[in-house]
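Work out the full structure, taking the sequences as your base and the hints as a guide.
Letter by letter, the chains look like this.
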Amino acid sequence: SAVISQKPSRDICQRGTSLTIQCQVDSQVTMMFWYRQQPGQSLTLIATANQGSEATYESGFVIDKFPISRPNLTFSTLTVSNMSPEDSSIYLCSVGEDSYNEQFFGPGTRLTVL
Amino acid sequence: AQTVTQSQPEMSVQEAETVTLSCTYDTSESDYYLFWYKQPPSRQMILVIRQEAYKQQNATENRFSVNFQKAAKSFSLKISDSQLGDAAMYFCAYRAWGIQGAQKLVFGQGTRLTINP
Chain W
1 SAVISQKPSR DICQRGTSLT IQCQVDSQVT MMFWYRQQPG QSLTLIATAN
51 QGSEATYESG FVIDKFPISR PNLTFSTLTV SNMSPEDSSI YLCSVGEDSY
101 NEQFFGPGTR LTVL
Chain B
1 AQTVTQSQPE MSVQEAETVT LSCTYDTSES DYYLFWYKQP PSRQMILVIR
51 QEAYKQQNAT ENRFSVNFQK AAKSFSLKIS DSQLGDAAMY FCAYRAWGIQ
101 GAQKLVFGQG TRLTINP
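In order, the protein sequences belong to chains W and B. Those letters in the first sequence? Residues 1 to 114, by the working numbering. Those letters in the second sequence? Residues 1 to 117, by the working numbering.
There could be a bad hint or two in this list.
[What the hints assert, rightly or not] Chain B is faced by these chain W residues, among others (derived, beta-carbon under 7 Å):
#: 1; residue: S42
#: 2; residue: G96
#: 3; residue: P107
No lab work stands behind these hints: they were computed from the structure. Glycine residues also receive a C-beta, built at the ideal position from the N, C-alpha and C atoms.
Structure (structure tokens):
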């Protein structure tokens with residue numbers, strides 16, 4: 001199993017600014033994922049982040065808007081750039097391995113953009 | 001592309017009763033995983049139960065069990081003896097099997113479960 005922490009747990013930001021969300025795992029993992037959960041909605045995958053390679057973005061998400069770093073096997077960041085109120089969501093980090101039977105999720109970051 | 005559909009946006013049940021949440025999915029793969037996740041107001045995603053598609057036997061975890069109908073691409077969750085702590089959003093999710101790097105989950109829209117005391 002894996003224990004995941006995220007910082008910040010919540011934030012209120014102004015339109016046009018950027019926020020970087022950190023995800024820390026208590027063990028080394030190959031694959032990390034970033035999901036977005038808009039208010040009252042389901043989870044949608046933003047991108048997959050593997051250490052040592054560029055993140056792979058899902059349709060509808062671009063690197064300029066959601067740059068991701070993955071400097072090592074226990075840490076990743078997601079930046080939400082040039083924010084607008086439509087970016088108000090919960091952002092969740094998760095980890096998975098081919099040997100895992102499940103994905104483990106962080107507690108999420110609740111972002112409100114005014 | 002795989003899709004997951006939960007047709008019940010909201011469900012409610014009396015405490016101690018049984019409730020069934022529905023989920024259907026679409027895939028061309030023969031091997032895959034299916035999951036039910038629970039998300040209480042704390043936002044933490046909690047795995048409730050997991051089913052491997054190659055297993056004919058339905059998964060069971062204490063009060064939680066599934067009815068997996070592979071041919072019909074149906075994966076319902078039954079909660080027995082409902083408890084107040086079961087109140088949450090429940091998400092059905094699909095994951096591909098055995099494809100390197102294909103760990104991503106595809107989620108349904110969710111079902112909000114209310115437990116009435």
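Tested hints:
no.	hint	verdict
1	S42	5 Å, holds
2	G96	4 Å, holds
3	P107	5 Å, holds
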